[in-house]
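Chemist: Here are the chains, one letter per residue:
Number of protein chains: 2
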Amino acid sequence: MKGGIRIMKEKLGAINALYPTPTTLVGATVGGKPNFITIAHIGIMTHSYISLGMGKSHYSNGGIKENKTFSVCLPSENLVVETDYCGIMTGKNTDKAVLFDVFYGELKTAPMIQQCPVCMECRLYQIIDFPTTDIFIGEIVQTYAEESVLSGKNVNISKLKPLLFDMASKKYWSLGGEVANCWNIGKQFKAEKI
Amino acid sequence: MKGGIRIMKEKLGAINALYPTPTTLVGATVGGKPNFITIAHIGIMTHSYISLGMGKSHYSNGGIKENKTFSVCLPSENLVVETDYCGIMTGKNTDKAVLFDVFYGELKTAPMIQQCPVCMECRLYQIIDFPTTDIFIGEIVQTYAEESVLSGKNVNISKLKPLLFDMASKKYWSLGGEVANCWNIGKQFKAEKI
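Here the protein sequences line up with chains X and A, keeping their order. Using numbering that gives the first Met the number 0, the first residue of the first sequence is number 0, and each one after it goes up by one. Using numbering that gives the first Met the number 0, the first residue of the second sequence is number 0, and each one after it goes up by one.
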């Protein structure tokens, strides 16, 4: 039943290969103004809690700690230049919010981006303190989406065209096609009674 | 400079839209035997720390807590049937390790899968206790990869062909093509001096 042949592997060292991840634009209020930073070190914890890994040198971290809110906005492929720009420039000396139409939801200090088809506003739940990185864990409070990326009440990922990030190639990647249905295609094996 | 027009968004409720994520096969030793479970609620915290969100009812959780180790193996698209099977069946009454050639690395209780082109072995660092979910945070200790998915010492994601997961569609998706270079294409804006 085992597929393939036994192939020796190389040791790469302690390399993080858990890619690709969705590239996001994280919104925070810093010094009373909206700021956005590009973050792809994200995580899903539960159906309503997500995490961000953000280097402590970033300008946004202070604002998230102060207001205990942030947003996670999902840019489509067509926003790749703006998204990359927000990862290159720092809010310390650049007003990145001028690139976008900014809106706010239930939380009044989690700026979101109209040009991003999907935005989640989050309440800060916990911070995990790594030596050079703050892990911000947020509870999703509300999710906003353009009708153009919806199928019924669900986000249609093929319409969203998320911008995927890979560290090894230092590239953004697009989403490909459907492979199979989850919790379904594996039943083939089940039926074979291995 | 702002692209696009202002489009009203719909409120979806507190929906987690942070997809797609890489689908992984997580290895653990449970009751002295290797077990594998399909997990796509993953996170990147830093360059060497990753997280898994695993419902408390899963069989593997006890083994991870006991041994304080686990592996994160990355299946390619061609392993979709086996991967989905490991998400449907429980180790409580099914020996899922028989599907694979299992190997071990520096940690002796983090079983890995030869058929997965990339495997990371992890030491448990911290558990975040949600009501029905354990968040296992692991430090990557060693990463193993087949030469067939490497370009030099880097994992080449287009050769890996990761199996991406999306909750809304309940489908596995493939990786698409390259969109642009990170920390680079955004310089277009920078040059424009907005």
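Do not take every clue at face value.
Identical chains share a label here; the pair holds if one copy fits it or two copies do between them.
Heads up, simulated DSS-like pairs for lysine-lysine below, C-alpha to C-alpha not over 25 Å straight-line [said to hold, decoys possible]:
{"id": "1", "residue 1": "Lys-32", "residue 2": "Lys-189"}
{"id": "2", "residue 1": "Lys-160", "residue 2": "Lys-67"}
{"id": "3", "residue 1": "Lys-67", "residue 2": "Lys-8"}
{"id": "4", "residue 1": "Lys-64", "residue 2": "Lys-160"}
{"id": "5", "residue 1": "Lys-170", "residue 2": "Lys-107"}
{"id": "6", "residue 1": "Lys-186", "residue 2": "Lys-170"}
{"id": "7", "residue 1": "Lys-158", "residue 2": "Lys-170"}
{"id": "8", "residue 1": "Lys-158", "residue 2": "Lys-107"}
{"id": "9", "residue 1": "Lys-91", "residue 2": "Lys-10"}
{"id": "10", "residue 1": "Lys-10", "residue 2": "Lys-67"}
{"id": "11", "residue 1": "Lys-55", "residue 2": "Lys-169"}
{"id": "12", "residue 1": "Lys-160", "residue 2": "Lys-170"}
{"id": "13", "residue 1": "Lys-170", "residue 2": "Lys-67"}
{"id": "14", "residue 1": "Lys-67", "residue 2": "Lys-32"}
{"id": "15", "residue 1": "Lys-160", "residue 2": "Lys-186"}
{"id": "16", "residue 1": "Lys-8", "residue 2": "Lys-107"}
{"id": "17", "residue 1": "Lys-64", "residue 2": "Lys-8"}
{"id": "18", "residue 1": "Lys-160", "residue 2": "Lys-10"}
What the hints contain is simulated information worked out from the structure, not anything from laboratory work.
Chemist: The structure should be examined with respect to each hint, and the outcome stated for every one.
Modeler: For each hint, the structure was consulted:
no.: 1; hint: Lys-32 <-> Lys-189; result: between (55 Å within a copy, 21 Å between copies)
no.: 2; hint: Lys-160 <-> Lys-67; result: neither (30 Å within a copy, 38 Å between copies)
no.: 3; hint: Lys-67 <-> Lys-8; result: between (44 Å within a copy, 24 Å between copies)
no.: 4; hint: Lys-64 <-> Lys-160; result: neither (31 Å within a copy, 38 Å between copies)
no.: 5; hint: Lys-170 <-> Lys-107; result: neither (34 Å within a copy, 35 Å between copies)
no.: 6; hint: Lys-186 <-> Lys-170; result: between (35 Å within a copy, 14 Å between copies)
no.: 7; hint: Lys-158 <-> Lys-170; result: both (21 Å within a copy, 14 Å between copies)
no.: 8; hint: Lys-158 <-> Lys-107; result: neither (29 Å within a copy, 44 Å between copies)
no.: 9; hint: Lys-91 <-> Lys-10; result: neither (40 Å within a copy, 32 Å between copies)
no.: 10; hint: Lys-10 <-> Lys-67; result: between (41 Å within a copy, 21 Å between copies)
no.: 11; hint: Lys-55 <-> Lys-169; result: within (21 Å within a copy, 35 Å between copies)
no.: 12; hint: Lys-160 <-> Lys-170; result: both (15 Å within a copy, 15 Å between copies)
no.: 13; hint: Lys-170 <-> Lys-67; result: neither (31 Å within a copy, 34 Å between copies)
no.: 14; hint: Lys-67 <-> Lys-32; result: within (15 Å within a copy, 43 Å between copies)
no.: 15; hint: Lys-160 <-> Lys-186; result: between (29 Å within a copy, 22 Å between copies)
no.: 16; hint: Lys-8 <-> Lys-107; result: between (51 Å within a copy, 17 Å between copies)
no.: 17; hint: Lys-64 <-> Lys-8; result: neither (43 Å within a copy, 27 Å between copies)
no.: 18; hint: Lys-160 <-> Lys-10; result: between (34 Å within a copy, 20 Å between copies)
Violated hints for the displayed structure, listed by number in ascending order: 2, 4, 5, 8, 9, 13 and 17.
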